[in-house]
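Protein sequences, first through last, are from chains A and B. Residue numbering for the first sequence follows numbering that gives the first Met the number 0, starting at 0 and increasing by one per position. Residue numbering for the second sequence follows numbering that gives the first Met the number 0, starting at 0 and increasing by one per position.
Check the hints yourself; a few may be wrong.
EDC-like, lysine to aspartate or glutamate: derived pairs with alpha carbons at most 20 Å apart [what the hints assert, rightly or not]:
no., chain 1, residue 1, chain 2, residue 2
1, B, K521, A, D66
2, A, K74, B, D561
3, A, K331, A, E313
4, B, K231, B, D241
5, B, K20, B, D531
6, B, K521, A, D68
7, A, K74, B, E559
8, A, K331, B, D65
9, A, K179, A, E221
10, B, K521, B, E559
11, B, K521, B, D531
12, A, K331, B, D63
13, A, K331, A, D319
14, A, K74, B, E557
15, A, K331, A, D310
16, B, K521, A, E72
17, B, K231, B, D250
18, B, K535, B, E10
19, A, K331, A, D300
20, A, K62, B, D561
21, A, K331, A, E306
Quick caveat, the hints were computed from the structure, so don't treat them as lab data.
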Amino acid sequence: MTFAVILVAIVILSVLFHFLSPWQATPLASNWGSIDTTITITLVITGIFFVAIVIFMAYCVYKYQVDPDRRSEYKPENKKLEWWLIGITTVAICGLLAPGLIVYNDFVHVPSNAVEFEAVGEQWRWSYRLPGTDEKFGRSSVSRMDEINTFGLDPDDAAGQDDILVAGNQMHLLVNQPTKVLLRSKDVLHDFYVPQFRAKMDLIPGQITYFWFTPTVPGTFEILCAEYCGIGHYNMRGQIVVDKASDYQQWLSEQITFAEVLTGGTVEGLVEQGQLLASSRGCLACHSIDGGPSLGPGWLDLFGSQESLIDGSEVFVDADYLIESIVDPAAKIVAGYPPVMVAYQFSNEQLDSLVAYIESLSTESSGSPTKPAVEE
Amino acid sequence: MAYVDDAEHEELHEPTSFYAKYVWSQDHKVIAIQYSLTAIAVGLVALVLSGMMRMQIGFPGSIDMDSTGYYQAMTMHGMIMVIYLLTALFLGGFGNYLIPLMVGARDMVFPFVNMLSYWFYLVSVLVLIASFFVPGGPTGAGWTLYPPQAITAGTPGSEWGIILMLVSLIIFIIAATMGGLNYVTTVLQARTHGMTMFRLPLTVWGIFVATILALLAFPALFVSGIMMLLDKTIGTSFFMPDMMQFGTQLDHTGGSPILFQHLFWFFGHPEVYIVALPAFGLVSDLISVHARRSIFGYRMMVWAIVAIGVLSFVVWAHHMYVSGMNPYFGFFFATTTLVIAVPTALKVYNWLLTLWRGNIHLTVPMLFSLAFIVTFLVGGLTGLFLGNVVVDIPLSDTYFVVAHFHMVMGVAPILVVFGAIYHWYPKITGRMLHDGIGKLHFWITFLGTYLIYFPMHYLGFLGMPRRYYAYEDYQFIPDSAQSLNAFITVVAIAVGVSQLLFLFNLIYSLFRGKPSGGNPWKANSLEWLTPDTPPKHGNWGESMPVVHRWAYDYGVPEAELDYVPQTTSGDEVPVHESDLDE
Numbered sequence: 000m001t002f003a004v005i006l007v008a009i010v011i012l013s014v015l016f017h018f019l020s021p022w023q024a025t026p027l028a029s030n031w032g033s034i035d036t037t038i039t040i041t042l043v044i045t046g047i048f049f050v051a052i053v054i055f056m057a058y059c060v061y062k063y064q065v066d067p068d069r070r071s072e073y074k075p076e077n078k079k080l081e082w083w084l085i086g087i088t089t090v091a092i093c094g095l096l097a098p099g100l101i102v103y104n105d106f107v108h109v110p111s112n113a114v115e116f117e118a119v120g121e122q123w124r125w126s127y128r129l130p131g132t133d134e135k136f137g138r139s140s141v142s143r144m145d146e147i148n149t150f151g152l153d154p155d156d157a158a159g160q161d162d163i164l165v166a167g168n169q170m171h172l173l174v175n176q177p178t179k180v181l182l183r184s185k186d187v188l189h190d191f192y193v194p195q196f197r198a199k200m201d202l203i204p205g206q207i208t209y210f211w212f213t214p215t216v217p218g219t220f221e222i223l224c225a226e227y228c229g230i231g232h233y234n235m236r237g238q239i240v241v242d243k244a245s246d247y248q249q250w251l252s253e254q255i256t257f258a259e260v261l262t263g264g265t266v267e268g269l270v271e272q273g274q275l276l277a278s279s280r281g282c283l284a285c286h287s288i289d290g291g292p293s294l295g296p297g298w299l300d301l302f303g304s305q306e307s308l309i310d311g312s313e314v315f316v317d318a319d320y321l322i323e324s325i326v327d328p329a330a331k332i333v334a335g336y337p338p339v340m341v342a343y344q345f346s347n348e349q350l351d352s353l354v355a356y357i358e359s360l361s362t363e364s365s366g367s368p369t370k371p372a373v374e375e
Numbered sequence: 000m001a002y003v004d005d006a007e008h009e010e011l012h013e014p015t016s017f018y019a020k021y022v023w024s025q026d027h028k029v030i031a032i033q034y035s036l037t038a039i040a041v042g043l044v045a046l047v048l049s050g051m052m053r054m055q056i057g058f059p060g061s062i063d064m065d066s067t068g069y070y071q072a073m074t075m076h077g078m079i080m081v082i083y084l085l086t087a088l089f090l091g092g093f094g095n096y097l098i099p100l101m102v103g104a105r106d107m108v109f110p111f112v113n114m115l116s117y118w119f120y121l122v123s124v125l126v127l128i129a130s131f132f133v134p135g136g137p138t139g140a141g142w143t144l145y146p147p148q149a150i151t152a153g154t155p156g157s158e159w160g161i162i163l164m165l166v167s168l169i170i171f172i173i174a175a176t177m178g179g180l181n182y183v184t185t186v187l188q189a190r191t192h193g194m195t196m197f198r199l200p201l202t203v204w205g206i207f208v209a210t211i212l213a214l215l216a217f218p219a220l221f222v223s224g225i226m227m228l229l230d231k232t233i234g235t236s237f238f239m240p241d242m243m244q245f246g247t248q249l250d251h252t253g254g255s256p257i258l259f260q261h262l263f264w265f266f267g268h269p270e271v272y273i274v275a276l277p278a279f280g281l282v283s284d285l286i287s288v289h290a291r292r293s294i295f296g297y298r299m300m301v302w303a304i305v306a307i308g309v310l311s312f313v314v315w316a317h318h319m320y321v322s323g324m325n326p327y328f329g330f331f332f333a334t335t336t337l338v339i340a341v342p343t344a345l346k347v348y349n350w351l352l353t354l355w356r357g358n359i360h361l362t363v364p365m366l367f368s369l370a371f372i373v374t375f376l377v378g379g380l381t382g383l384f385l386g387n388v389v390v391d392i393p394l395s396d397t398y399f400v401v402a403h404f405h406m407v408m409g410v411a412p413i414l415v416v417f418g419a420i421y422h423w424y425p426k427i428t429g430r431m432l433h434d435g436i437g438k439l440h441f442w443i444t445f446l447g448t449y450l451i452y453f454p455m456h457y458l459g460f461l462g463m464p465r466r467y468y469a470y471e472d473y474q475f476i477p478d479s480a481q482s483l484n485a486f487i488t489v490v491a492i493a494v495g496v497s498q499l500l501f502l503f504n505l506i507y508s509l510f511r512g513k514p515s516g517g518n519p520w521k522a523n524s525l526e527w528l529t530p531d532t533p534p535k536h537g538n539w540g541e542s543m544p545v546v547h548r549w550a551y552d553y554g555v556p557e558a559e560l561d562y563v564p565q566t567t568s569g570d571e572v573p574v575h576e577s578d579l580d581e
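Just chain B, same shape as in the assembly (with noise of 0.2 Å):
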């Protein structure tokens, strides 16, 4: 740990102008706010977008919207919100602001780097967004981006916006590389006294695995996207086999469309636990304060973690059992994503079990933890259908594949994104947010996503195709599936206009909400027990924190309290961590 005793003797180094402070800054917390109010302020654009679509497929017609801008909309509400958004917000944004504090570090190993990363990620969205203005607008190719048509006349965008998108990508994973390094070492060398491994809370747990995943699987996109960009620009045929377009031969000959398909899974199925880890452990956490009772199953949580995790790199195929791969590697992939569901259930027992004999306090974030199981449950399950090849073959490329993974990597993680908003604002800002604004913006959001996601299933059922701008005279779907379709795009209006219910409470609680306090939730963890909150630069002051037991001593019957920080020694509360080795 000469690390720690480091950091207890060398000098801080307090910025002191406000530009040093706010701007290019190099405090994780600061770098963690700049990524995540980036990070919504993207996700709002791709929200509207998905708004807009939805209005052209319940009410056809009704905005000024041709198939070129439905399919553009289409591909940018889906890019950014699972890498500019939710990577971000989770890696960027929560690994940012939490494994500093959780580990009991002064900060990132690496602050510089740190601070590089947020630019970069910055530069990204700016170059993403500057596809809106080019001529011929942002690519319309599907956020999957497969050649040849990515690339070639017929494809919205295919002239500029598919370059810049390219462009974008490779500088976010460029960004991406540079956090998760410093995530990963920091995790690795900067825990504070007695902070083993096995004593980390969960969402350090989820992060750490989820960064690493991400080391690994961004680079297969980062090739992918480089091998595209010489295709497109100058006439290389990495993934363009001989073709004639419109009557036209095209100059490309011997590439191979699926290699790419290949190439994007192996990074786009470890991308779903990416996004998935992060939100397994924040939620871990959640539930345990809030029901004041110990996480179940601690160390089987932390290998369902790594199990899901390096499981998650031999599962990418099943993205791709009807697209021409040789049938026979349907029988491994659909086995090993099925096996992968052990693991993953197990996690939802554990969290149930959690709940089970515990003293359940149905706080905020409580009630977006909760609604989080009931979505991911749904989400799982029904992605049982989607990893057995052959029940596969008639759901892939329908409806109930887009109700499947909003279902679980969209709203899912979303859910937990609030959950852990509303649990460390009061860190964050010394200020708790407005509890009945939360209250109605979390019924509205979870009830609402549901009502709009369960039915759409039934129209996959009924093999309606996703990604399609209109239905008009296809004689095998009835009418009512488009009255279904238009209730679902008035629930989605709301539930995407009651997000402005939460941006309100952000705005409003900073200046308005109660006081905190330093640990309003009575929890263990490392972060509530900082000197000073917000936490200042340095995070501990003179001394580093001295860690005893794990994160989660609560209802321990020896206790006065019903809790029991991890910094508490051994003499005044026993510490039980040797009753689990029997």
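The shape of chain A in the complex, shown without the other chains (with noise of 0.2 Å):
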């Protein structure tokens, strides 16, 4: 009696809480109200069965409990009830893959209208490529990476000289406008997941992936890494910005073409080399420059400070400390963060130019002759 009571209590809570609960999906923000549809279908098919089944476990239970003086029926098989219940599961197995399998050919088929981003992952940052005035990108590969050109374009192929790079974590997006995303990693997997707009896919280093959708609601909306990338896996954060059309002329006015980071290419002063390296060799990806949480101690206002290391020591940050740091991490960890940081190999140029950009993050320095270098 007690075991039958709880099993029709488990499906009554069960209901109740997915009624009543407050995580449900986000708001959404894109095309893919469809996928919300398949969603409620299989909830609607799954939790009939799941009810029903469970209460007719709770009825034989009570019904058929233990009694010496009856015993059980002998009757091994009834072929016919077995092929219908058979049938009725396959009636609503189609009833779940028909509307899935339709809503899916939707997602294969990337409409002729969309325009294309390219979204560049690697560990534990995003950028991206829009491919310009002439609508095609440029060929890339990973072989002609450097600190100049990040995202690895062949300077040779006319096609990418227009191409519009932007190195931030943030993307702009128009509303409305179905847009393809072109995925590429420079190392390892990642997977290109914005929960509003409820599609995902993963970026696999070597190839290129792709999915689509329409983005529907303005506003900004965050890009998780939704494959298991390593340590700061958690911590790869990037910004959808969904904008209407004069927002999005203006900011896309504002960014740089393939061709002017070519032009640009040498760039003067110590502080704007450490800026590019910074920015180049993925310190960022673990360093925030704004004062918001990262894997590793932020850089805004480090110069000059004082920091608590695991040992208990307290250390002044100078320049030897900085560079001690970058080419021996392990030698001082600083407490509250994890001694995950691999050693890198820089110049001394580069190192110093590293620092100079580094001290220019900080206020307290300002006396110092280099000033900050973030003006466009």
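These two chains come separately, so use the hints to put the complex back together.
Structure follows, in structure tokens:
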């Protein structure tokens, strides 16, 4: 009896939980409402089976509980009943599969009016590329990647000259514009996932993957990495800003092309060189420069401050300490941060430029000759 | 049946020294216990690791664990539970103990190879545990070990941990192969007089088909393990493309990371059924015995096991819907995956129809069996979400997946393991497990795991990604999600600690348990009919048992008692099998 009551309680509470739970899908912001519909269909059909089966089980446990004077029925088979049950299950399965495959057919067919952009993943950050006015991406490969050419484009490919490169973590899209995302990884597997868009896809180094969606709601959305990619996986953040036409054009006009990156190739000034290095060698994936949380110590106001180490001692952040921490990260571990940084190899000039850049992020060092160099 | 005739005449060669009997033993029953105790011990390590993970998720920063440690715990927890606990326990533990007894053999057909199987397994466990103590610690690559991250900087344990993990897996597969060849050959060759394939208990069918799956699936993991080991140690590029990591070009070129995923899941999906099919078999026997009713639709149950086994080899890419493989594969794999739900659903129906018009004893094994049906039902139904390609796209890599697979291949099989241990412990030790402690253990485990995993699906609907060390500052995640995570952690710790009740019961009952006699549950199958309990070396004494009927004659109208052991002849109680053929 108790057991039967508990089974019924499990059914009632589970169904109540479903309707009262505050944890439901995020508000939809793309065309993939049809995916939400397939989830609803699946919930209804599986929900019916769940309720029916557990209630039937509760009935059996209650009705046929042990009775020493009774013997169970001896009827080992009932082919007709079994075939009926197989039939009903098959119909239900078709009810799930058919709408699922119809929607999936939409998912794999990119509409012809879709515009393309490329999202590039690396441990543990995002960057983006647009094809430019010719609507064609230039050739790219890992072997061409360096500090300047972070996307690895082929300088001899005319199609690549007008490609627009977005080095920051934030990408803008035009609202109600069908969009095909081409996905490329520099290092390991990642996954481009915006919960409000529903769709997601892995990035695979060595090949280009894709999926499509139409953003339908203006606003800012978080990009998460949904394929495990190492210790910084949980912190591989990006942003999609969905703009109306005027805002989008405004943003687009501020972006730089590959040709401009090439001509501005040799960067003047120690701080600017350091900034470029920090960006291209991936330092900024783990060290924030705006005071936000990050895997390693943030660089804002770091230079000239005191840091507490895990052994309890304090260290004054100066050029020597910074250089030591870059080439031998395990030497001094700052309290509160995991000892996960790999040792980097830089030339002395590069180290000086990195230190200069970090110093420039400190307001404390305003007396020093280098000024913050974030102006356009 | 030449084997049985020989078995009746050959001498038994019973070992006499302590070492030959209990350490270097070739007796399937001792090997089964060695396998089981080792699996439970290493499983406890994995249980503690999951508690540590839950503390970090529910109460971030409450224990001293950085993201490196978190990912190492996550990886080791998953790998240990799937391979070193569940696979080893079902095949090496239950398979070893029950197959010879249930088919009526004196032992496995290759006892020496059987012994080697255990010792290789033990070495694989030791190599795995050793990885906790090497520089850099164990691998934190996730139990799927996806390259390139598994063997490159940026992933914990990418220096030594991953190498030990791969070596350990390779040794484990050798162990599983030696054991597996034994189980299959014993079932096919060593059945006693009258034991036809269609008189075998479903336990044997489940383990038999699961073993065939293991023999066919593990080679895929074996070769991918060796290929990754070569990529790691001598710089080949099987799975390694051109890549630029932390601003440095690596010396690899042209490899395919997605090839590894195909190989891994060609093993990995059958692996789910390597765990599930033995559980299906064991639970069928538990339900039939404790409901005092013949298993409903025996032959359909057998064919369902076989069908699931075959289909399990053509569904692997449903783990890869968003992996970037050719998206057109999705149509095929979604269809095969949902087709597999039909024979699986049939098994659930037949368990219920076995209860229907039965005479249900709510013993501890029965309670665990009924809890298994509920848990497996939820896990199976959520599988219909993830198997249906387009429904999977928003849910994959979220907590929905975590909840699903813990329900379906974590909790459900473990409930069967508990039920089966409560059921067969009397045969193994000659004593009953303590009933009160057993019931307490049952209620905490069943209701606790439901409270952990049912709400967790909703974090998946919300979109919370799995394998995250922390969720700070994500705008789309409401604060209430953290409260739910804290709740789940509290329940998880309670369930984890309550397993001490079970361990205590195992040890306490060994000395103080009520003597059970040879057949405490009044069951029909051969293992309950041994001349001695626990069964002695050679199992059957002088003469081999002769089987006259299937194992499910409960409630036969003509019989005096409500059960008819398999050795009862047709003269005493009519055999109804011919009725079934109509």
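Hint by hint, here is what the structure shows:
Our distance criterion of 20 Å between C-alpha atoms is met by K521 (chain B) and D66 (chain A), whose separation comes to about 16 Å. Using a Cα cut-off of 20 Å, the hinted pair K74 (chain A) and D561 (chain B) holds, with the two alpha carbons roughly 14 Å apart. For the hint linking K331 (chain A) to E313 (chain A), the alpha-carbon distance of about 10 Å falls within 20 Å, and the restraint holds. A C-alpha spacing of about 15 Å is found between K231 (chain B) and D241 (chain B), which places the hinted pair at or below 20 Å, so the restraint holds.
Only pairs whose Cα atoms come within 20 Å are accepted, and K20 (chain B) paired with D531 (chain B) is accepted, the gap being roughly 17 Å. For the given pair, K521 (chain B) sits about 16 Å from D68 (chain A) by alpha-carbon distance, which is consistent with the 20 Å threshold. Simply put, K74 (chain A) and E559 (chain B) have alpha-carbon atoms about 17 Å apart, close enough for the 20 Å limit, and the pair holds. A hinted pair counts as satisfied when its Cα atoms are at most 20 Å apart, and K331 (chain A) with D65 (chain B) qualifies at roughly 17 Å.
Note on K179 (chain A) and E221 (chain A): the hinted pairing holds, with a Cα-Cα distance of about 18 Å set against a maximum of 20 Å. A C-alpha spacing of about 13 Å is found between K521 (chain B) and E559 (chain B), which places the hinted pair at or below 20 Å, so the restraint holds. Using a Cα cut-off of 20 Å, the hinted pair K521 (chain B) and D531 (chain B) holds, with the two alpha carbons roughly 16 Å apart. As the CA atoms of K331 (chain A) and D63 (chain B) are separated by approximately 19 Å, the hinted pair is consistent with the 20 Å bound.
A hinted pair counts as satisfied when its Cα atoms are at most 20 Å apart, and K331 (chain A) with D319 (chain A) qualifies at roughly 12 Å. Between K74 (chain A) and E557 (chain B) the CA atoms are separated by roughly 13 Å; this keeps the pair inside 20 Å, and the hint holds. For the proposed pair K331 (chain A) and D310 (chain A), the alpha carbon gap of about 9 Å is at most 20 Å, so the pair holds. Taking the CA atoms of K521 (chain B) and E72 (chain A), the gap is about 17 Å. The hint holds against a cut of 20 Å.
Among the hinted pairs, K231 (chain B) with D250 (chain B) is consistent with the structure: their alpha-carbon atoms are about 11 Å apart, no more than 20 Å. A hinted pair counts as satisfied when its Cα atoms are at most 20 Å apart, and K535 (chain B) with E10 (chain B) qualifies at roughly 14 Å. The hinted pair formed by K331 (chain A) and D300 (chain A) meets the criterion: a straight-line CA distance of about 19 Å does not exceed 20 Å. A distance of roughly 19 Å separates the Cα atoms of K62 (chain A) and D561 (chain B); the hinted pair therefore holds under the 20 Å criterion.
Distance restraint check for K331 (chain A) and E306 (chain A): the Cα-Cα separation of roughly 10 Å lies within the 20 Å cut-off, and the hinted pair is therefore satisfied.
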